[in-house]
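J.: The lines below spell out each chain.
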Amino acid sequence: MKREVKMNRELMHAITPDLSPELAAEMTQYIRGLPYCRKEEAMKRKLSVGLVLAMALALLAVSALAATLLGGKAFVDEFLAPKALDTQSDMFTAEELSEIMALAAEKGVELPEDMLNKLKHAEARERGYYKESLLRAVAKTELGFYPSTWTIEDQAWFAQLLIACGLNEYANAVLPEGDEILQTQAEQIAMDYIRDNYNAEVDVTDAALYRRHVQYQDYFESEYRKGRMWFITYEPLDLWHDEYRFQIWSDGRLDSAKIGRRGLTEDATVVQVLYCFSIYDDQYGFHDAWTEEIWLQCQALLQKAVDRHGYTQLIGNDMARGVLMQEYVVPDGTESISREQALQLALEAEGAQNDRLLSTGAVLLKEGDAKIWKVTVRSYERASYYAQVNAQTGDTQVFKAEANEAVCRGYVLESVAEQLRSPVQAKPRPTAEPQAYYPAPGQKDHWSSRYLPEWYVQELGELGYTTDNAGDMMNKWSAAYGEDSTFWPAREYAINYIAHEAFEGTTTLPGLPDESDISEEQAKELAVRTAGAAANDEVLIARLWFNAPLMEDHMWIVQYVNTGEKHGEVMKEVKIDAKTGSVWTREALLERMEAYRGVEEGEEAKIVQPGPGDLTYEEALAIADAAMRKVCAGILTEEEMDAFLVEGTLYEHFTKTSERTWYFNFYSEGYDPWDSDCFVYFDAQTGEIDNAQYAPAALGHG
Amino acid sequence: MVTREAFERTAQELLPVMYKVAVSIVRSEQDAKDAMQQALLSVWERRESVRVDTFRAYLMRIVMNECRNIQRRRMRVFPADLPPVSRDAVGEYSDVHEALYQLPETLRLPLMLKYLHGFSEKEASQALHIPVTTFKSRLHRARKELRKILDREVVFE
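These protein sequences, in sequence, are chains A and B.
Each residue of the first sequence is one higher than the last, beginning at 23 in our numbering.
Each residue of the second sequence is one higher than the last, beginning at 245 in our numbering.
Extracted from the complex, chain A is given alone in its bound form (with noise of 0.2 angstroms):
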């Protein structure tokens, strides 16, 4: 017999190819590099726009020559967009963007320097590039780098540029209309509750410290929870200013407002601090653009958090901890090497000194009494490194970047770096020894059709659900009652949830009432009666289960969802025994499932023989095989019923209801007993029947 196999984390990532360390390493140095190509791009894109600006200016000023510049945004609009529409593609192809840039020339575009190197790169290898991404990225040299700070009339062209360059299916970004509240209310909401609720001195429409990102979108969240929204963020541009949320209704309605904590304050923690200095990224570039006054500055404010909150604050967190090692020097003027030449010693040392670089950067450093330049070089041609460059003697020692090496290593040197090397995690392997059981003799689908109630087969037959239309028919009711099932119709969300949610195996499974059951509106009737009516924020939603564990096998539940600004979260719930309407209350259940658990304080079950008085074992048996069969009846055949194996054992105090219980599990060969598919227990002595269960451990349920 062939062996289980768990399905798990660990195999599959034994059984799919691994990532070789060259190429982790490499990869690392290319995600550390991509921030610097952004950052020149934007630095660029400065220049660019002014000189795009003033060509214009001028031109128009003297000559009607000047009709044939554009800026970026008419750019797209007049020649990108439709050359976008050439092909189903979407990306651009090598010589397509030969064209581009060729065009982008004539009609004088300056597409910043980098985004050229890009494109350049892109066609030389013959990948093309995006053709969402050159969109956005023209589009910015005119409106900005961030979209969220475009004006809503941009974004909402830009969105409608994707769709009708059928690069997106449906766009977010609208424009208000009617009663809407435009974007002036908003942001006065906004600022209003700025100065009501944080009191806050602070003025975030002052643009030197604040950036300020609207976004005007069609928000579909549910039924309940959907239009249109602002979405207003202030985000400050400094170390010492926090930052301000906000989600408004189209009518003025605030749905939500939030703090971001980003401002520095006096016991500011280690982890808060670098949180902050992120936002150097934007105003002074990423680490190897900072100068060594910025690295003291960084330096200092670690140290006082860690002062302040101790050394623990250091544990993994290598930035801090390489930081605090080193010691960073401000040029005085006394180096024989510059930061310019040992740049050029580090490229020199490498043969790099016509590559194409991303990024490079250089700090100063104090080893002993020696001052050390750090270099660190990225480029398109080779893979990143390292230089340390005596400041003094020029002499040049280059290291390879590696995988899981620290994030500080550009920034401190070799022997702090060292050790903070991470250690390189061990590879997955599959699971040793799993701890296997054999599946029973024609029980190889554990999760298939038969434990469907009846009532499901014959919906799917009426639907003509497949397999292969099952993701439409989902999608179909997607679109009509929103994303999360919890809102769908009982019929849908039954169907979707034993299609795609209960294949795992659990034999509790929701459908729709018979005709001898309460029914919807009695339940929540009956709900209403026990727990109370729903809040204004609340909606009443009643699932009926099948094969109910602890009921008469139909069971009621009343959830009260939240419509509110806990949307979709249930509130609190309410369980009926569809049969006889008769209410579980939380306390009710706990009570009857500690009566099957069967152990009284200070009372142990024990195994007892026999006595007087009690059914003999196969008196006992006889009882349980018949009630196995009454509960697996439809789910097992009774081939399968023929084939378990039988362990009964008598107890004495097992539940508080009998003195003496039998207790029987019936189980497939190859399983622990207690790895049993049905149990039965019942009174020794009367033979009424406490608990019989179809409950197979092999899905979960032993």
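For the record, the hints were derived by calculation from the structure and aren't laboratory data.
One or more of the hints may lead you astray.
[Unchecked claim] Computed footprint of chain B on chain A, listed as stretches where at least three residues anywhere in the stretch have a Cβ under 8 angstroms from a Cβ of chain B:
| id | region |
| --- | --- |
| 1 | 40 to 47 |
| 2 | 154 to 163 |
[Said to hold, decoys possible] With a straight-line Cα cutoff of 20 angstroms, these simulated EDC-like cross-link-like pairs (lysine to aspartate or glutamate) come out:
| id | chain 1 | residue 1 | chain 2 | residue 2 |
| --- | --- | --- | --- | --- |
| 3 | A | LYS248 | B | ASP297 |
| 4 | B | LYS264 | A | ASP40 |
| 5 | B | LYS366 | A | GLU349 |
| 6 | A | LYS28 | B | ASP395 |
| 7 | A | LYS129 | A | ASP99 |
| 8 | A | LYS28 | B | GLU342 |
| 9 | B | LYS277 | A | GLU44 |
| 10 | A | LYS546 | A | ASP599 |
| 11 | B | LYS366 | A | GLU591 |
| 12 | A | LYS422 | A | ASP99 |
| 13 | B | LYS366 | A | GLU245 |
| 14 | A | LYS601 | A | ASP536 |
| 15 | A | LYS280 | A | GLU265 |
| 16 | A | LYS594 | A | GLU542 |
| 17 | B | LYS366 | A | ASP506 |
| 18 | A | LYS588 | B | ASP297 |
| 19 | A | LYS142 | B | ASP278 |
| 20 | B | LYS277 | A | ASP40 |
| 21 | A | LYS95 | B | GLU292 |
| 22 | B | LYS264 | B | GLU252 |
| 23 | A | LYS28 | B | ASP339 |
| 24 | B | LYS277 | A | GLU145 |
| 25 | A | LYS498 | A | GLU484 |
| 26 | B | LYS264 | A | GLU48 |
| 27 | A | LYS326 | A | GLU349 |
| 28 | B | LYS264 | A | GLU32 |
| 29 | B | LYS264 | B | GLU342 |
| 30 | B | LYS277 | A | GLU48 |
| 31 | B | LYS277 | A | GLU403 |
| 32 | A | LYS28 | B | GLU389 |
| 33 | B | LYS388 | B | GLU365 |
Each residue gets a CB set at the ideal place from its N, CA and C atoms; glycine is no exception.
Starting from the known structure of chain A, arrange chain B on it as the hints suggest.
T.: Relative to chain A, chain B alone:
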């Protein structure tokens, strides 16, 4: 908007998964590398418009898109052999390895996303650009197919 730190951390964390998923589509280490690099660059450039809570899914989605671009460019219908997997690692599970790659991509990717990195159903469906319900449906079929190919019981943990 995704900060640089979040970008680096997430990209680094997902590297092994990105590679495994990319290789499973393009079946070549070099192409997988190209796909990852192109995707990372692309996502970095769009990071201001990406929501933090959907970033992991978004990154995986772009990696898969890029893989498909590579496939299209190469007109590669029947791809090259997979890069080798360590026999030590696969061991007695070589049939599971083979069965996984016998699955069509539409079924294999949901399984990989679910079990390689514990993506939630919501995240995985976003990564695959399909509704959650479709993801569940595909996962269901993938598990069934895997059991059928293996003729062996598979317990999904």
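J.: Each hint: holds or not?
T.: For each hint, the structure was consulted:
By the rule of at least three residues with a Cβ nearer than 8 angstroms to a Cβ of chain B, the coverage given for the region 40 to 47 of chain A holds, with 5 such residues. Closer than 8 angstroms: that is the beta-carbon criterion, and the region 154 to 163 of chain A has 4 residues meeting it against chain B, so the requirement of 3 holds. Taken as a hint, the LYS248 of chain A and ASP297 of chain B pair is honoured in the structure, with Cα atoms around 19 angstroms apart against an allowance of 20 angstroms. Taking the CA atoms of LYS264 of chain B and ASP40 of chain A, the gap is about 7 angstroms. The hint holds against a cut of 20 angstroms.
Taken as a hint, the LYS366 of chain B and GLU349 of chain A pair is broken in the structure, with Cα atoms around 47 angstroms apart against an allowance of 20 angstroms. As the CA atoms of LYS28 of chain A and ASP395 of chain B are separated by approximately 14 angstroms, the hinted pair is consistent with the 20 angstroms bound. The straight-line distance between the Cα atoms of LYS129 of chain A and ASP99 of chain A is roughly 13 angstroms, inside the 20 angstroms bound, and the hint therefore holds. With a CA separation close to 16 angstroms, the supplied pair LYS28 of chain A and GLU342 of chain B stays within the 20 angstroms bound.
Simply put, LYS277 of chain B and GLU44 of chain A have alpha-carbon atoms about 12 angstroms apart, close enough for the 20 angstroms limit, and the pair holds. Between the alpha carbons of LYS546 of chain A and ASP599 of chain A the distance comes to roughly 12 angstroms, so the proposed pair stays at or under 20 angstroms and holds. Straight-line distance between C-alpha atoms of LYS366 of chain B and GLU591 of chain A comes to about 17 angstroms, which keeps the hinted pair within the 20 angstroms bound. Pair hint LYS422 of chain A plus ASP99 of chain A does not hold up; C-alpha atoms about 45 angstroms apart against a cutoff of 20 angstroms.
At most 20 angstroms may separate the alpha-carbon atoms for a hinted pair to count; LYS366 of chain B and GLU245 of chain A meet this at roughly 18 angstroms. A distance of roughly 10 angstroms separates the Cα atoms of LYS601 of chain A and ASP536 of chain A; the hinted pair therefore holds under the 20 angstroms criterion. Between LYS280 of chain A and GLU265 of chain A the CA atoms are separated by roughly 8 angstroms; this keeps the pair inside 20 angstroms, and the hint holds. Taking the CA atoms of LYS594 of chain A and GLU542 of chain A, the gap is near 17 angstroms; set against the 20 angstroms cutoff, the hint holds.
Proximity of LYS366 of chain B to ASP506 of chain A is assessed by CA-CA distance (about 10 angstroms); at most 20 angstroms being required, the pair is judged to hold. At roughly 17 angstroms between alpha-carbon atoms, LYS588 of chain A and ASP297 of chain B fall within 20 angstroms of each other, so this suggested pair holds. A hinted pair counts as satisfied when its Cα atoms are at most 20 angstroms apart, and LYS142 of chain A with ASP278 of chain B qualifies at roughly 16 angstroms. Note on LYS277 of chain B and ASP40 of chain A: the hinted pairing holds, with a Cα-Cα distance of about 12 angstroms set against a maximum of 20 angstroms.
For the suggested pair LYS95 of chain A and GLU292 of chain B, the alpha carbons sit about 19 angstroms apart, so the restraint of at most 20 angstroms is met. A threshold of 20 angstroms between alpha carbons decides the hint, and for LYS264 of chain B with GLU252 of chain B the separation of about 19 angstroms falls inside it, so the pair holds. Distance restraint check for LYS28 of chain A and ASP339 of chain B: the Cα-Cα separation of roughly 13 angstroms lies within the 20 angstroms cut-off, and the hinted pair is therefore satisfied. For a cut-off of 20 angstroms, the pair hint linking LYS277 of chain B to GLU145 of chain A stands: about 17 angstroms separates their Cα positions.
At roughly 16 angstroms between alpha-carbon atoms, LYS498 of chain A and GLU484 of chain A fall within 20 angstroms of each other, so this suggested pair holds. Between LYS264 of chain B and GLU48 of chain A the CA atoms are separated by roughly 16 angstroms; this keeps the pair inside 20 angstroms, and the hint holds. At roughly 16 angstroms between alpha-carbon atoms, LYS326 of chain A and GLU349 of chain A fall within 20 angstroms of each other, so this suggested pair holds. Between LYS264 of chain B and GLU32 of chain A, the direct Cα distance comes to roughly 13 angstroms. Compliance with the 20 angstroms bound is thereby established for this hinted pair.
This hinted pair checks out: LYS264 of chain B and GLU342 of chain B have alpha carbons roughly 15 angstroms apart, not beyond 20 angstroms. In summary, the hint linking LYS277 of chain B to GLU48 of chain A is supported, as the alpha carbons are separated by about 10 angstroms, within the 20 angstroms threshold. Distance restraint check for LYS277 of chain B and GLU403 of chain A: the Cα-Cα separation of roughly 15 angstroms lies within the 20 angstroms cut-off, and the hinted pair is therefore satisfied. Proximity of LYS28 of chain A to GLU389 of chain B is assessed by CA-CA distance (about 15 angstroms); at most 20 angstroms being required, the pair is judged to hold.
Restraint check for LYS388 of chain B and GLU365 of chain B: the C-alpha separation of about 18 angstroms stays at or below 20 angstroms, so the hint holds.
In terms of the numbered hints stated before, the structure departs from hints 5 and 12, listed from lowest to highest.
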